[in-house]
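2 protein chains.
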Amino acid sequence: MPKKIFFTPGPSALYFTLESHLKQALKEQVAEINHRSVQAGSYFKEASDNLRSLMNIPKDYHIFFLSSANEIWERLIQNCIINHSSHLSYGAFSQRFREFAIKWGIDAQEVSAEPGSIPKDFVDQIHLDTELIGLTLNETSTGVTFPQEKIYEIRDNFPNALIAVDGVSAFPAIDLDFSKVDSAYFSVQKCFGLPAGLGVWIVNNRCVAKAEVKLEKGLSIGAYQALPNLVKNAANSQPTYTTNVLNVYLLAKVTADMLEKGIDVIRRETNYKAALLQHMVTKHTGLDHFVQSPELRSKTVVVANTKVDSSQWVEALSQKGFIIGKGYGSFRKDQIRIASFPTHSKELIELLVDTIQAINL
Amino acid sequence: MPKKIFFTPGPSALYFTLESHLKQALKEQVAEINHRSVQAGSYFKEASDNLRSLMNIPKDYHIFFLSSANEIWERLIQNCIINHSSHLSYGAFSQRFREFAIKWGIDAQEVSAEPGSIPKDFVDQIHLDTELIGLTLNETSTGVTFPQEKIYEIRDNFPNALIAVDGVSAFPAIDLDFSKVDSAYFSVQKCFGLPAGLGVWIVNNRCVAKAEVKLEKGLSIGAYQALPNLVKNAANSQPTYTTNVLNVYLLAKVTADMLEKGIDVIRRETNYKAALLQHMVTKHTGLDHFVQSPELRSKTVVVANTKVDSSQWVEALSQKGFIIGKGYGSFRKDQIRIASFPTHSKELIELLVDTIQAINL
Chain D
1 MPKKIFFTPG
11 PSALYFTLES
21 HLKQALKEQV
31 AEINHRSVQA
41 GSYFKEASDN
51 LRSLMNIPKD
61 YHIFFLSSAN
71 EIWERLIQNC
81 IINHSSHLSY
91 GAFSQRFREF
101 AIKWGIDAQE
111 VSAEPGSIPK
121 DFVDQIHLDT
131 ELIGLTLNET
141 STGVTFPQEK
151 IYEIRDNFPN
161 ALIAVDGVSA
171 FPAIDLDFSK
181 VDSAYFSVQK
191 CFGLPAGLGV
201 WIVNNRCVAK
211 AEVKLEKGLS
221 IGAYQALPNL
231 VKNAANSQPT
241 YTTNVLNVYL
251 LAKVTADMLE
261 KGIDVIRRET
271 NYKAALLQHM
281 VTKHTGLDHF
291 VQSPELRSKT
301 VVVANTKVDS
311 SQWVEALSQK
321 GFIIGKGYGS
331 FRKDQIRIAS
341 FPTHSKELIE
351 LLVDTIQAIN
361 L
Chain X
1 MPKKIFFTPG
11 PSALYFTLES
21 HLKQALKEQV
31 AEINHRSVQA
41 GSYFKEASDN
51 LRSLMNIPKD
61 YHIFFLSSAN
71 EIWERLIQNC
81 IINHSSHLSY
91 GAFSQRFREF
101 AIKWGIDAQE
111 VSAEPGSIPK
121 DFVDQIHLDT
131 ELIGLTLNET
141 STGVTFPQEK
151 IYEIRDNFPN
161 ALIAVDGVSA
171 FPAIDLDFSK
181 VDSAYFSVQK
191 CFGLPAGLGV
201 WIVNNRCVAK
211 AEVKLEKGLS
221 IGAYQALPNL
231 VKNAANSQPT
241 YTTNVLNVYL
251 LAKVTADMLE
261 KGIDVIRRET
271 NYKAALLQHM
281 VTKHTGLDHF
291 VQSPELRSKT
301 VVVANTKVDS
311 SQWVEALSQK
321 GFIIGKGYGS
331 FRKDQIRIAS
341 FPTHSKELIE
351 LLVDTIQAIN
361 L
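As they're listed, the protein sequences go chains D and X. Counting from 1, position 317 in the first sequence corresponds to residue 317 in the working numbering; the numbering is continuous, with no gaps. Counting from 1, position 358 in the second sequence corresponds to residue 358 in the working numbering; the numbering is continuous, with no gaps.
Accuracy of the hints is not assured; some may be wrong.
Copies of the same chain look alike in the list, so a pair counts if it works inside one copy or between any two.
[To be verified] Computed cross-link-like contacts, PhoX-like style, restricted to lysine-lysine with a CA-CA straight-line distance of at most 20 Å:
hint, residue 1, residue 2
1, Lys346, Lys150
2, Lys232, Lys214
3, Lys59, Lys150
4, Lys232, Lys103
By construction, these hints were calculated from the structure, which means they are not laboratory data. A quick note: this is a predicted structure, and the numbers were derived from the prediction, not measured.
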């Protein structure tokens, strides 16, 4: 049976070089070596250095390898919030970070929007005493992007709060000026095309200082994933626990491939593929944009309302070997979601668009 | 270059069938499917069912897939302890659980022993008001085993406390009557021969009830890895986050292989290999037992004092393609550690023993 092609918004298609890197990893016995060995350290360093180059992460920002973006939500709460946080909330994932904070006993403000848009007048709404402002660059559940200029506007208006950006399904395809935020994070099974099981956490020293303030106040910041411990270990390219070294190796190799291709090329292609997909949604009589405002439409996850039950679309494309996603949560039956990640070539997206245009639903 | 054979106490050699399962996983696109799909659910169920059969885990005990044994320490603290815990402490790993508890603000009693032995009179020492008693079945740092009968003795004397058993580098080679403990856990890169990145947490309903008591008292038990949430999701073979599905698949396949081989055979071979290795330590003039009491010597991780710097042993064996471990922590230069896990065949251990016997150090 020929392989299916996954256009699901995560997990998604593996990066096109992944299989050969995995075979090389078996040859090099990457999964058998000690996670604190010099060899493993070289993979941690390579992955970290490559990410820094690829995404232009400032030198004084730390890069840590954790188990998932969900874990990173908890580590942000544990290390960087004492009482108050604010969450720009416009879909399942941006909401969930707030729900996590509430479960950890934080007074977590919600600054919400209707699904398919982003909050209005958020600068006026965010509480002045907030310690951390969370927002999502690319809301995978609704296909909404949060424009970067608006993030920088938050920075200007809230110089004392920490800003934490969820870059899941955005990085590295979407650019961000990291110097204007304090923390950002992503998981590897989206745009990086890796197997799930690794989250990458980027923090600056303001986050570390906040963790130290908590500690001085006698508050717990946890154990092995406490920021001071992460900083100490990462400085020597060491993990804080028996990390998924195989995935760190694969991330090092995929980011090297991306650097060779060039981040500008990846981002230009992302723009081109997004334009193709958005144009298709505009033209197709069976589809309609969920995100009304064109400038809020995600470039990596396209969400369209369907006239028929979304399962008919999923089924029709599945017969061609293309796997797309249904709508998220309550939109399950009424929407389809299509990922356009760096592994999806222009030609592949063109083929997908042609295939969808020929479907009469 | 021929592949090296890893006898390190974790990560260690991959299970001998692992590579073919990984190739099959690529064919079946296991790393691309959604973690909440029916297909992924079937892997969660298969891994869970196989573990239950293999290790004779009672029907009413839950099995959860987390990211590491370190994470499970934190989840035990978060869900199952309010104020007081007790830790039988006889090596780096049993100590570390206690250190985690202290960092989480728990009054964590240490019941300690000299390295190379286990605590004496622990029943008299453990505080009567303790909520949870932690102990380690196989102390990977020192090669000490904690005899099962002594665990059952703790059960008899502390019927109200929760007992949590660290089974890292022991399960499934070492048997345990799960009905006499409340929780047990392990990571997959030891006896199961998988790539790192997955921890398995086994809990009974007393643990879940304790989490609910904490919640009723208004205390936080965290978010996605809170026991009630883990129970709810596992009941439908669903993960609580984007788990490392590839590793869950591999665990399902390796445990199926182990079931086919038979757990009795695996355990008989473990005994035979341990006898060979221990006998070699007794006979070799350059080696000596670190664990004085024969009944406390681990069957899966053999630790020997060396007369020369341990790096000479590591180097001599490395030249033959055999990778062994140095001593842990302060014993780094004075000891070697050799793993004998289910993937290490009798013939392989015989060959290793012959090779070591021929080395004059």
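Each hint tested on the structure:
1. Lys346 to Lys150: Neither: 29 Å inside a copy, 64 Å across copies.
2. Lys232 to Lys214: within (18 Å within a copy, 33 Å between copies)
3. Lys59 to Lys150: Intra 24 Å, inter 53 Å, cutoff 20 Å: neither.
4. Lys232 to Lys103: between (29 Å within a copy, 17 Å between copies)
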